[in-house]
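Trainee: Here's the letter readout for the chains.
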Amino acid sequence: MRPKGKLFALLAIFAAIGLVTATGAFTSVSAQRTVSVDIAGDSAALVGIQSTSQYAYENNGQFLIDFSGNNPNFPGGAEGVNPNATTRVDYLFNVTNNGDTTIDIDFIENSQYISLYNSSTPSNGANVTGISSGSTIAVGIEVDTTNLNEGQGFNTTLTIEANSQ
Amino acid sequence: MNLYSLNTLAIALIALGLIIPTGAVMADGSDKVWENPGITLSPTDSPNGEAYAEIGTDGNLTIDLATVGVNPNALTTIRNLFDIANNGEVSLEVWLTHESAESVRFSVSEHGTLYGEENALTLEPGQGKTVDLLIDTKGREAGGEPLLTSFDIHVDDVEPTATPEEPSSPSTGGGGSGTGGAPPSDSNQTSTPEPTPTETPSEPDGVEEGGVEVILDEPTDDPITIQEIPTSAILDDEDDEDDRREPRAVISHAHGGGDPIGRECPCEDRPEVQAAGANTIVEEGEELTLSAARSLVGSVRSVDPERRMVKAVSINVPAGREESSATIRMRVSEDRFEGSDLTRPRVGRETDDGWQMLPTRIVGQENGQLILEARTPGFSRFAVFATPEVRYAWRLDDETITAEELRTRFDEPGFHNITLNVTDAFGRTNTATYRVLVNDRPSVDIEVPANRTAGEPLTLRANVTNEIGNATVTWLFPDGSQQEGLTAEYAFERGDQPIRVTVADEYGATTTLERTITIGPVSATDVIIDRIASGVSLELALGTVALLSFLLAILIRRILSRGGGPGVRLPIPAVSMPSIGPLPIGGGKPQIVALENPTVDVDNRRFRIGHLRIEAPGGDLRTVEIVVTDGRGNEVAQKTVDLRGESYYVTRNEVVLPKSKVYVRADQHYQISVRAGDDTDGWVSRQQSPVAVPGSVGA
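Those sequence lines, one after another, are chains A and B. Quick note: the first sequence, position 91, residue 90 per numbering that gives the first Met the number 0, numbers continuous. Quick note: the second sequence, position 66, residue 65 per numbering that gives the first Met the number 0, numbers continuous.
There could be a bad hint or two in this list.
Per label pair, the in silico range of CB-to-CB distance [as the list claims (entries may be wrong)]:
(1) A:Gly124 x B:Gly55: 39 to 45 Å
(2) A:Asn69 x B:Asp602: 22 to 28 Å
(3) A:Pro121 x B:Arg320: 53 to 59 Å
(4) A:Ser119 x B:Asp151: 44 to 50 Å
Bear in mind the hints are in silico, worked out from the structure with no lab data behind them. Virtual Cβ for every residue (Gly too), placed ideally from N, Cα, C.
Kindly produce the complete structure, drawing on both the sequences and the hints.
Mentor: Have a look at this one:
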């Protein structure tokens, strides 16, 4: 009787393996994987944006350039830039590549009144290519109020586009 | 080999068979999700794949964008992040799901999003695709909960293909939707929709090439006509007068939730909202989504100085449905954008008063075409702008957020003003203000007398804290009867008796407290009488009475001796006893030490007490109630502060908000009453008439 028991056990083994690894049809399957996405403050995020002047600061983690009386750091109670003038501020803020890949950075000024430039090489504009991981560029701003009068202001957004190479 | 060793082998083989399909570390550096079906995930051989994806020690793919988080209020695209491949022998459908569909999108080039079974990607045997990750944090701040912690990957067999049918008509309508199959050219083409009730055009793939799809929130069976028109038709109709029109900021309450572009909310029309003088009411911590989509700018030039439109369509809905909200999807050839930023296109809606820039997102990108999706509050002519320069800035408290849609939460009850600043391409601005009343959720505590006798009415008191709005207290007793009011009287039976108190304020916030009250012979007298009646030793009972009387005599004697003044001396026998320490003689009931500068702030519609201080020398304060009555004695404002164990209560500039529909007037006489109670059931109250002041005083 003992040999018969062995045969039954072997059959049971192969039946079990067949159930697990067969390539036959299935209904549907699903599995879970980990993906961690956090929102960091602008200064510490993938594209790090850090103020280097009193005209820019971070508000609730979001970088803000503020040439108005609302700016708590604005000097001497000033309430804005001069009308019908061109105002340049070198080294307004830094952009740091906090990611692990080399990136190119394009600045898209969504306003006719401002233009950005690389503080190190002002004549070349602000866009920079080949910023390696951990590297920083310094950015300045020119505010042109030639067509604006006293009391007129504007709000706009600045798009910083970083593309890895 | 014996049977024991065979069992061991069986267990080993079965265990091996189970491990293989669940993702062991593979020598080829991929996450073998399933042996059958043969699906693997692996970081793409690219800078992004190497930087942000890896196969962990558990053999599973892991994506890390938390060590260095993404930027707030930004669009982050991680291209070529990981590969997904079918190493099996049959065609498979693969899709992903996760909890941040509105902000995070996994997609495959030339296919689009992988989210949901409806967007499943078909992988033939041996085929692999590279997955990109798009993270949209527009309107979101830094910090807080992680945006995403996991995703689920699903695999299914490809269903057998049915017999091919004739291609559908290029234009359809009905069933609440319609698609127009206009080719990507400037030539006019009129679509005559035919009802196709079996079609489900709710997916991006339902948009015919070059076409437009309309999905009404409230479906209709009547046809919808979609016509692509030349952009010059719109430009020719505009003149300098339109260019001179100022922008107009309009704020509307949209419901966010799972809809990333928001739906209009009818809640602003609620009578209680209007009565409160607010635009909307939310609860503490509740998410509020506001949309700038109904704002207007004057002309095409106000949207883009270069008047650049890449597509224009006219959509005609059945009569009477022109102001119906809907979702519109359009396919636009990428060639028309001529290298401009593809993340910026916006669908605009032409109205009699100018252009509305609709909340727009890209829901697909395939075969050189973008699929745009926009929410519209109505119908007319629409245009796709490639480089719009209309800007929206929200300001709340001391914070400015640049976004078309604002999502926020308030933790402080009371009124909060939110402003929207709309700037057109000329730099002209307009501001609108939205008033939000943040309602607190009431809290309640039940005050039960210490002496509770079965069958005798017991007065219960609800201590309610509810800063905003008038609250109603409803009591539910064991027999099912209900009473309303801060106090309730009920004769309980002996034993554990459940009660329930529900506090509901006029703005819909409710709190329910359930409590069990034990009713029994708790007073000393009751205990003694019970024991005598039940035949317990009479001597013991009399002894207990004697002892209590003796202690009472000592207490009264000490009180009188501390009084020091003349008075009646009771004939208390002098007893010599060992010292038992100081007796707990209380310091008396609570005292209102200061009730100063009560004022009526007419402009800001509220009452204030400049300085309020209450002390409880004999116990701990439990409740402070402030009630304001008008000249006729009607209660016009009420506030209850629930305290736990504080020996004093002091505030500066205490605010009491009036009930809804109460108009605060400078020429009205009011009386402010403050009442405070402590845990020894000691109470004190005091009244004072406030003085009307301008809104700026004490604000």
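Trainee: Now, for every hint given, state plainly whether the structure supports it.
Mentor: Tested hints:
Roughly 42 Å separates the CB atoms of glycine 124 (chain A) and glycine 55 (chain B), a value that falls within the hinted 39 to 45 Å. For the hinted restraint 22 to 28 Å between asparagine 69 (chain A) and aspartate 602 (chain B), the CB-CB distance of approximately 24 Å keeps it satisfied. Between proline 121 (chain A) and arginine 320 (chain B) the Cβ separation comes to about 56 Å, which falls inside the hinted range of 53 to 59 Å. Judged by the Cβ atoms, the range 44 to 50 Å given for serine 119 (chain A) and aspartate 151 (chain B) holds: they are separated by roughly 47 Å.
This entry satisfies every hint, going by the numbered hints stated previously.
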